[in-house]
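Undergrad: First to last, the protein sequences are chains A and B.
Taken in order, the first sequence gives residues 4 to 282; the numbers are from the numbering used here.
Taken in order, the second sequence gives residues 87 to 491; the numbers are from the numbering used here.
No lab work stands behind these hints, which were simulated from the structure alone.
Treat the numbers as computed from the prediction; the structure is a model and nothing was measured.
There could be a bad hint or two in this list.
Claimed, not checked - Result set (BS3-like, lysine-lysine): computed pairs, CA atoms no more than 27 Å apart in a straight line: (1) A:K165 x B:K201; (2) A:K253 x B:K132; (3) A:K196 x B:K200; (4) A:K245 x B:K261; (5) A:K94 x A:K83; (6) A:K77 x B:K261; (7) A:K246 x B:K261; (8) A:K165 x A:K123; (9) B:K200 x A:K165; (10) B:K126 x A:K165; (11) B:K261 x A:K165; (12) A:K84 x A:K149; (13) A:K196 x B:K201.
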Amino acid sequence: MTTRIEKRFAELKDEGRAALVTFVMSGDPDYETSIAVIKALPKAGADVIELGMPFTDPMADGPSIQAAGVRALKGGQTLKKTLQMVREFRKGEANTPIVLMGYYNPIYIYGVDKFLVDAKEAGVDGLIVVDLPPEEDEELCLPALKAGLNFIRLATPTTDDKRLPAVLNNTSGFVYYVSITGITGSAAPDAAKVSAAVARIKRHTKLPVAVGFGVKNADSARAIAAGADGVVVGSALIDALKKTLDGNGKGGPATVKAVADLVADIASGVKAARKVAAE
Amino acid sequence: MSVQPLNSFRTGPDERGHFGIYGGRFVAETLMPLILDLEKAYNEAKADPNFKKEMDHTLAHYVGRPSPLYFAERLTEKLGGAKIYFKREDLNHTGAHKVNNVTGQIMLAQRMGKKRIIAETGAGMHGVATATLCAKFGLPCIVYMGAVDVERQQPNVLRMKMLGAEVRAVESGSKTLKDAMNEALRDWVTNVTDTFYCIGTVAGPHPYPAMVRDFQCIIGNETREQMQKAEGRLPDSLVACIGGGSNAMGLFHPFLDDRSVDIYGVEAAGHGIPSGQHAASVTGGRPGVLHGNRTYLLMDDDGQIIEAHSISAGLDYPGIGPEHSWLGDMGRIKFLSATDQEAVAAFQLCSQLEGIIPALEPAHALARVFDLAPKMPKDHLMVVNLSGRGDKDLASVQTWLEAHK
Numbered sequence: 004m005t006t007r008i009e010k011r012f013a014e015l016k017d018e019g020r021a022a023l024v025t026f027v028m029s030g031d032p033d034y035e036t037s038i039a040v041i042k043a044l045p046k047a048g049a050d051v052i053e054l055g056m057p058f059t060d061p062m063a064d065g066p067s068i069q070a071a072g073v074r075a076l077k078g079g080q081t082l083k084k085t086l087q088m089v090r091e092f093r094k095g096e097a098n099t100p101i102v103l104m105g106y107y108n109p110i111y112i113y114g115v116d117k118f119l120v121d122a123k124e125a126g127v128d129g130l131i132v133v134d135l136p137p138e139e140d141e142e143l144c145l146p147a148l149k150a151g152l153n154f155i156r157l158a159t160p161t162t163d164d165k166r167l168p169a170v171l172n173n174t175s176g177f178v179y180y181v182s183i184t185g186i187t188g189s190a191a192p193d194a195a196k197v198s199a200a201v202a203r204i205k206r207h208t209k210l211p212v213a214v215g216f217g218v219k220n221a222d223s224a225r226a227i228a229a230g231a232d233g234v235v236v237g238s239a240l241i242d243a244l245k246k247t248l249d250g251n252g253k254g255g256p257a258t259v260k261a262v263a264d265l266v267a268d269i270a271s272g273v274k275a276a277r278k279v280a281a282e
Numbered sequence: 087m088s089v090q091p092l093n094s095f096r097t098g099p100d101e102r103g104h105f106g107i108y109g110g111r112f113v114a115e116t117l118m119p120l121i122l123d124l125e126k127a128y129n130e131a132k133a134d135p136n137f138k139k140e141m142d143h144t145l146a147h148y149v150g151r152p153s154p155l156y157f158a159e160r161l162t163e164k165l166g167g168a169k170i171y172f173k174r175e176d177l178n179h180t181g182a183h184k185v186n187n188v189t190g191q192i193m194l195a196q197r198m199g200k201k202r203i204i205a206e207t208g209a210g211m212h213g214v215a216t217a218t219l220c221a222k223f224g225l226p227c228i229v230y231m232g233a234v235d236v237e238r239q240q241p242n243v244l245r246m247k248m249l250g251a252e253v254r255a256v257e258s259g260s261k262t263l264k265d266a267m268n269e270a271l272r273d274w275v276t277n278v279t280d281t282f283y284c285i286g287t288v289a290g291p292h293p294y295p296a297m298v299r300d301f302q303c304i305i306g307n308e309t310r311e312q313m314q315k316a317e318g319r320l321p322d323s324l325v326a327c328i329g330g331g332s333n334a335m336g337l338f339h340p341f342l343d344d345r346s347v348d349i350y351g352v353e354a355a356g357h358g359i360p361s362g363q364h365a366a367s368v369t370g371g372r373p374g375v376l377h378g379n380r381t382y383l384l385m386d387d388d389g390q391i392i393e394a395h396s397i398s399a400g401l402d403y404p405g406i407g408p409e410h411s412w413l414g415d416m417g418r419i420k421f422l423s424a425t426d427q428e429a430v431a432a433f434q435l436c437s438q439l440e441g442i443i444p445a446l447e448p449a450h451a452l453a454r455v456f457d458l459a460p461k462m463p464k465d466h467l468m469v470v471n472l473s474g475r476g477d478k479d480l481a482s483v484q485t486w487l488e489a490h491k
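The whole structure should be built from the sequences, with the hints applied where relevant.
TA: The following block contains the structure:
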């Protein structure tokens, strides 16, 4: 069975360019604005959408994504509504993969089996659950794979060659390389170090490797895209979204435009990297 | 899932850090190698007689152990039932049980060659203990503390600063202990090579719950010996307050397999369990996953963590150590709770009857002793863990009393 994620990465490989993976928080700052933002992403140049599931205690996230989660929860977002959002997105968009990203507790409380059925039915393609390392695979990873969802794992600079096989085992779809030790939204990584790290991971796996943390604009995206199969951008989009909110924290058409414009800009960087590599 | 021999409650956790369904290692991949390293280093230290020798020496000469087991004669007389003993952890250097664990972890950090110590703190007692040991061993120390707690525990903030620690006020979330822990974890994820995270309670990812418990077991081990000397037998019941639950686990664990000993854990009921404003994770919560472990947590139907409430900053946490969750399910620990009001009343009565100003945390345990003890026969031996001193709480209690005149 080929998932949308596998299909998308294979297509882009044929095109000879990296994928642009965009992260936004579902329900930030409210359901209506958020669904409009998500619907605008594919046209703006997003190849894969990571949709954050807000959680009160996001231990691995920096201030931007923390605040996005707070806004979403304040706006009444729940896991149920996030799945509803995916269902609504899928009505008009059949090909762009959606990966839900977040922390385990809301899924655990929703009920793992019920969640997997509902997520699959809604049109979710993969999961990234930050606080589920391979040591806890029985919780969600193995049931998710069985349900036909990709389970995407994070690899980090602390994941050494000895540990990599354990991390890659049961990983599917793609590998998300967290390019720095630190929280989301931290300083930009060194592009040379990143491509060396990607090469190291590729010695252990045939899966595409997407790189995240610290990508802010077309330039940083181009630098990363030259040495990876995908570029993940999150905090920068959330910052752009936040700037458009009015005094009451409400969004509008300007919100959608701001995010789409930045995605388009970053997408141009990702595409430019292919030309550099081809020349 | 762990397989526990039926004849012992003391064999957990299993090799993956599980106590029944509780515990585990629910952390970001960045931290996983660090946690595995820590587990290995701790197992090596445990097997090294020199480590134990050095620790015993520090505990005796610096912390001032053993702490006395004190017969609370006037309180016993007043309640007219069980014979009440206090385990005087308030008499330790730094004024609480926290230092037992910190001594172990800082000596382990030194063994591992770590150059920078971080800690989270609620009431500030763990922060003070960490700052103290870091001063003694010459290590830089950063303490994360919720902004709300910084406000209500000023004396401890001043102590930490005097000891040379940097106190970082945490403004995210509910600005209390859980947010301080989030922020400490974020620091650790960022500073992976040189930093040791000194967790203050029997929670967090494996091996912390087991390691902190082991370091705190000196409380129960001493109590066993002291009671044997004072009364020639084991106590009949143990009572301790539980936030994360390290003072309670330290007292309880050595007695878990003595079935004649009744064990009571007292959670903070804040404004009362029905009000929803409390910190009683077992009494008023359900199992979930936070801060590296599965355990009882306060949360809503969407799995979002609810802010805890307690007058005691040290109990103001929406979770509890995973081993407590398991022992509660197994019925080995009976969980009770005490409200802010009951704790303040106990705080006053203990001060005035025994000349001991207890911390607000053990005042919760004392509040339940007030109704447990009178129902017991006079030869019933009850031990209360007086886990800390109350100087830090005088302002909070004063404010509370004025607001409730």
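Undergrad: Which hint numbers does the structure go against, in order from smallest to largest?
TA: Violated hints: 2, 8, 11; rest satisfied.
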